[in-house]
Each structure stands twice: as C-alpha cells, then as structure tokens.
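S.K.: Below, each chain spelled out in residue letters.
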Amino acid sequence: MSTTTSNGPALRLPEKHYLNATYGIRSWLLTTDHKRIALLYLASVTFFFFIGGFFAMMIRLHLLTPSGYLLSADAYNRMFTMHGVAMIFFFLIPSIPAVLGNFLIPLMIGAKDLAFPKINLLSWYIYIVGGAFTLYSMVTGGLDTGWTFYTPLSTVYSNSAVAPAVVGIFITGFSSILTGLNFLVTVHTMRAPGMTWFRLPLFVWAHYATSVVMILGTPVVAITLALAGMERLFGLGFFNPAMGGDPILFQHLFWFYSHPAVYIMILPAMGVISELIPTFARKKLFGYHFVAAASLAIAVIGFLVWTHHMFLTGQSTYAALAFSFLTFLVAIPSAVKTFNWTATLFGGSISFDTPMLYAFGFLGLFLIGGLTGLFLGCLGIDMHVHDTYFVVAHFHYIMVGGAVMGYLGGLHFWWPKITGRMYPEWLARIAALILFVGFNLTFFPQFVLGYLGMPRRYHVYPPEFQVYNVMSTAGASILAVGYLLPMIYLTWAAFYGKVAGENPWPATGLEWKTPSPPPTENFEETPVVTWDAYDFHNRPDLGLDVPGHPAAVPTHGDD
Amino acid sequence: MQSPLPFFPEQASNFAGKVDVLFLFVLLTCLFFAVLVTVLTIYAAFKYRRNKPGEVGSEVEGNTLLEIGWTTIPLVLALGMFAWGAVVYVNYRTAPKDTLDIYVVGKQWMWKLQQPNGKREINELHIPVNRNIKLILGSEDVIHNFYVPAFRVKMDVVPGRYNTMWFRATKVGKYHFFCSQYCGTNHAVMGGWVTVQEPADYAAWLSDETGDVNPASAGERLFSQLACNTCHLANGTGRAPSLNGVYGAKVLLADGTIVTADDAYIRESILQPKAKIVAGYQPVMPTFQGLVSEEQILNLTAYIKSLQSQPVPAKGAGIAPATTGKK
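Note that the protein sequences, when read in sequence, are chains A and B.
Position one of the first sequence corresponds to residue 1 (the numbering used here), numbered consecutively onward.
Position one of the second sequence corresponds to residue 1001 (the numbering used here), numbered consecutively onward.
No lab work stands behind these hints: they were computed from the structure.
Quick caveat: nothing in here was measured; it's all calculated off a predicted structure.
Even for Gly, the Cβ is constructed at its ideal location relative to N, Cα and C.
Among the clues, some could well be false.
Stated by the list, open to error - Just a few of them, taken from the derived set where beta-carbon distance is under 7 Å, the chain B residues facing chain A: (1) L1022; (2) A1045; (3) Y1048; (4) S1058; (5) E1059; (6) T1071; (7) T1072; (8) V1076; (9) G1085; (10) V1088; (11) N1163; (12) A1188.
With the hints as constraints, model all of the structure from the sequences given.
M.R.: The structure is reproduced here in structure tokens:
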C-alpha cells in the first residue's frame, strides 16, 4: 500500500542542504531562511502546546468528581484561562501558517524565500517577546479571566496578572500581522514562471485567505486589548459601567477579531487537507475553483458573524436575526469544501498512508464540528446551549479535531521534506488511530453535557453530570498518549529515520521537485511550471503508470 | 434524570418543548448529512483503494451541476433552520403583557431575588405554575447569566443595564438554575433552585413570613433620605419635574426628542442625570453613581412606578403632550 516501501537502499541525503549549510546557534537565531524560521516556530509552538496540554490535563483530572478532585476554585479558573490563552494565541493561530506555511509557501510557488526574509525573522522575535510576557503572567499570579477577557471582570474585578498577559497578546498580534503581510506579498509577486493563480496549490489559496483575515482582524484585537489594559492600569472607563463605559462594547470589539480568528485556525488546516486528499487519492481535487473561492468566501463572510457569540447579552432582537442569518451563510462554503473533498475520493487510487489517515480523521471530526455550529447559530437552540459544554465540545471539534488534525497530518506529510527522513509508518498509523478515538471519547460526551445544561468554566458541578465527565477525562488520557507518540517518533525520525528521497509519496507540488531537505536557496534553478495542481496524468517525471502514457524513468526511488 | 445516561433535561416550561423539537429537527438534518458523507467516504476509500503501487486516479476535475446542487440544497435547509430558530427566539425576547415581574440582582457570587410584594430570597426563586413570569435582571458588579436548563432559557445579567427574560413554568417541581457567564472565583457555585408551585401554594408561601418591606415603600423612604423630594415636588413647582404618572409615559427632552420613561431611563436618570434633560429644566441634579446600590435603584424605581396612579400636575410634569410629537 505504501509507496515508501519501493524506496531502494541507495537513497542518500543531499550533501548540502538548509540544515547543514551553516552551524552554530547564531546561524539559527540570525537566520533569514524561511525554512529555518519555520523550525524556530515549530519548536516554540510545540513548547506552548505542551504548556497548554498540561493545563488541559489538570482540568480534566480535576473534573473527575463533582466536588473537584485536585484544585481550588481560583487554581481551576487559572488552569482553563491559561489553557485557552496558550492554545489559541500561542499555538493554534501560529501553528499551521507560521510553521508549515512559512516552510512551504516559497517552495510551493517556486521562490527562493518569502518577500521579506528579515521581517519574517522579526515576526518570530515578536512572537517570542509576546510569549515571554504571557509566560511571565502565568508564573506571577496566573490569569483567571477566561481567554475572552470579558469586562468588567478582567479590567476591574480580577486579582490575577491580567496586564502582562494582555501586553503579551497585544505584542504577539504583530507577529501574525507581519506573517500575513509577508505571505500576501510573496504570493502576489514571487510566483515562478508558469505558476498562474489557478495553478497554485490550494494550501497557498487557503493561506492567502488566512493572511487577509490576519491583516484586517488582528489590529482590532490589539486595540481592544490595549483599551482593556488602559482601563485596568490607569482606570480609564472604556468598558466599566461604573465609569460610564459599556461592557458589551468590549465583546463587540473582541469578537470582531476573535470570530475571524477561528478561520485563521481552520482555513490553513483546510488547505492542508486539500493537499493530502488529492495526493493520496492520486487525482485532481474535485472542483478546484469552488474550493479556492470557498476559502475567500469564508474569509469575507467570517467578518460579518461576530455577534453570534452575543445572542443572549440583551442585544437587539433585529441584530440577533441578522447575525444568525449570516452565520448560516458562512456554513455553506465549508459544506461545499467537504462535499468536494469527498467527491475527490471517487475514482481515485487511495492509499492509507499516515497523512491520509489524518485527512480522514479531519473529515469526520470537522463534519461534526461544523454541523454542531449550526445548532449554535440557530437562535432558538442557542438560548439553551449558549455558554454550556455544548459550545466547548463544538469548538474543540473545530480547533482540535479540525485544526490540530490538519496540522499533524501536514507535519507527517511534509516531515520527509523538512528533515529528509521518514518516520516509522506503522507506529504513526497507530498514533493517528489513538488520537481519533481519544478525541471523540473526550469531547463527544461534552455535547450531551451541554444539552443537559452543564455551564462552562465550572470547577464543581451537580452530581448528575458526573458520568459524562468521567468519560471525557478517560478520553483525555488516551488523547495525551496520542499527542506524545508523534512528538517522540517524529523527533527520533528527524535524526535516525530512513532517508526519504526527493518525492517519496509521490506528490505533484513544486516542493517535491527539489531535494529533501531542500538547499538554502530552495531550487538550483528557477522552476518553470507547465502543469495544473494535483495533475498526476501529465507528470511523467513522477514515474506512475498513467494509462496511455509510456512509463517514464522515475526520478524518485531508484536514481 | 432517572436514566444513568440521560440525553435531555426535564421539560418544565413553555419553551422547553419548542427548543427540543427544533433541536431534533436540526439534529436529524445534520445526521442525514453526516451519515451521507461518512458512508460515501468509507465506501470510496474501499472501492477505490490502491491496488498497484504505480496506479493513478481518473481524470475527473469537477462538475458544475453538482457544485450548484450541494450549494443550494444545504442553503435552503440552513435558511429553514434559521427561520425556525428565529421564531422561537423572537417569542422568547418578546414578553407578554400580563407577567408577574420579579427583580433579580446578581453579584459575585450570589443571586438576590425579590417578589412583587417585596419578599426577598437568596439563591432561591419561588414561582407559580402556568403563569407568565418576567425576570428583570441587574448586576452589582460583573456580567452574570441566569440560566434554567429545565426551562431552556438564559439571559446575561449585565452591569449598567437591565435585561429581561420571560417564561411560563409548566410543571410543579424544583429545578436547578445556574450562572452560566463566567464571573470569577466562585462562578460554579453561583446557582440555586427554582421552585415551581401550584398557585395556592405559591400564595401561601408568599404571605407566610412577614418578609421584608414592600420595595415601593422602601423606595419612598430612600426618596426622602436622599432628598430627592426637595426638588421633585409632586405638584410640579419644584426645580425638577414631578414624577407623578411619569413611569411608562413619554418624556419630552431638552433636545426635542421623546423617550419612554422605562426602568432603564429611570436608572440612567439617577446615575447619569445629565444624559437626558427634561425640556424646560436645568441640569442641576447631582449623580448618584456609587451612592446607591442596584437594589436601592430597584426600590426607587418601584416607588416611582407606584406614583403612576397619582394625579399628574398640569405644569411641571415633564410628560410630553399627548397630541403633538414635537414642540
């Protein structure tokens, strides 16, 4: 089944590549190579993922019993707040764009680097400085406002270290803005000859849409948090009603960014899936133009749905009607994408390599996550399930089931390109399966809990909710194993894995037409593109048995 | 909740059945698509699995008719869900006129509730069955949310403004209510019980203990303690308009606009008197921001409401002329 078994023993790593071009700590910390910066991001987002994951484990262990198992009320509130802050602002938002996007966009369009290599490095430093402020908040008093920082709780009543956390998130926002800017300019100006807009891999389209959201949305959350910080530090009454401010205004400003931020997390994952499915079905993506347009539609309509987080704040009934309507509209492009992915499978030649297992996992989990969004957008259901565990389950299906499955699928798919080596295939398949099972056991019971009426962010709960909480905690421990395994074997494989060769799958993208790992300048000479994305039929260089074409000498496997 | 693995909470209000039927409609529609996509995916994964290492898939690129189909059909269904959900929600946000009004104040981390006759409760709410209930919600500090799962209704309790929610309990019993908007340390224990009683039992409970004083009389006492009565003379000759009959009436402002003197207007006029000046008066009233608690504002409002039946003076009432819209 796996094409990797056809690799001969003769494969060797290229003599010079971006990893061994220069040595020493300075060569990494002062690099302007987008591939090395991607690895810097990989290390830092993994660090935050495990911090956030530790908090998640504390939360789930604590909720084993109705009276709470482990933590005080204040400690529990800090756990779920810091879990959210670490995972959303420092893992999910940068994960796929800053790691995979950074590494792959220049390779995919046939460029030597991003348009602004120094700004790319700057954005990583900004991320690190922002992360340092937020870590400082976590170790000096923690944060107990919820990741949403609702006022006046965050600005007046909280006794935790709100100010450094807000400063950290404010700073990190600029890292997103610069990354988005870099991607947009790169895609516009640095495509190789023949790489027309409609030959771009959908991964690039998805990142293009994501970059638009980053550039337009992030400044708003920066301003909002700056206002909240000024209210807390200097007593300026923007949101505090006792000083004439409006606490609901904060929610409008916050969700104007933070709802589109969900699309910053999921669009790149959709982009990964749009690469994986055609590659492992060896078939063009069904409805390429519709999938590309759906990405842009999601990015645009995604800006017009923010008050669906606020249906029960007492906002005007008419506003609620308009925003519920728009919320149902934004569901349609996601449905279109799902149908196109499914249709791609028909008539394909499907293998079950690890990245494809993640793609299947994504399809199943994103389906549930997306469909449950309809329940929340539906006004008559939201009045019951808003602010319950139903919401928690829904967004974890999108962000973990969708975005993290996409991220892991992408890491497995491009790991041979990034490191030049393969991971142990069977172990990886087992890990993917463990993740899928553990994820569902953790989060599916939370839908039921939510409909039964268990509110979010409760450190103790009535005993009738216990059985589902026990299931969820059991699932979380399986999930933890599922995350540790790839962390271990991918690291091992980077040093000791079997040499992968230029194009082990094989796949059609330009990134697979250069050695693995690629040289610092990506391509020996600028490639010229004469084929559409995912076109297996007009690519004799891939060495596949295309009916009606004589099999060419394969460039992978045995040269 | 007798089953070890319950799926639905009890249905105990006029909204519970409506929300559950809507939920089932959306659930079945979504299940249809989820099963369809899952079955198709699994079928394709096995039918089209790779048999030879070098095999490639077919050359299909897309189908515009299919794209139009799977855009429009979900769109129509989604609009159906939107419309049905909107009907239930608009009903919930539009309270009927004949409600029994109960004041609810949230503060970190307790609920204070007050019946129309002044009887107070903490973290307990007694209501009669089959009677429309309106909760008028205010907060002393941060945002809270009053949520009764068995009634399928919730509403944020926002400092600085009043929200209202209504429902009609349909089943006698005791039901949890929760705070469902995160409000700080003891958010999880800021809840209690709604007790739904037969009307006779409710009436007996209501008159049982002597209870606290009537909110309107507490408000009347405050009205003189805070010296409101030195300017707001009942006969309309004071430096401030008479408040007789003003509750619920239209008020003409200095800038020519006309507003309704509802709870929110009265609250604002106490806390930010300069925000809306009644036509013909000077902005001389001091602010009471920080000097009166939310409960005291509710009492003052109750007192002003009780003046509805008092004779309105011909001059100095501040009430807009009934016939003309503008000066």
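S.K.: Run every hint past the structure and note whether it holds.
M.R.: Verification of the supplied hints:
{"no.": "1", "hint": "L1022", "verdict": "holds, 5 Å"}
{"no.": "2", "hint": "A1045", "verdict": "holds, 6 Å"}
{"no.": "3", "hint": "Y1048", "verdict": "holds, 5 Å"}
{"no.": "4", "hint": "S1058", "verdict": "holds, 4 Å"}
{"no.": "5", "hint": "E1059", "verdict": "holds, 6 Å"}
{"no.": "6", "hint": "T1071", "verdict": "holds, 6 Å"}
{"no.": "7", "hint": "T1072", "verdict": "violated, 9 Å"}
{"no.": "8", "hint": "V1076", "verdict": "violated, 10 Å"}
{"no.": "9", "hint": "G1085", "verdict": "holds, 4 Å"}
{"no.": "10", "hint": "V1088", "verdict": "holds, 3 Å"}
{"no.": "11", "hint": "N1163", "verdict": "holds, 4 Å"}
{"no.": "12", "hint": "A1188", "verdict": "holds, 4 Å"}
In the structure shown, a violation is registered for the earlier hints numbered 7, 8, in ascending order.
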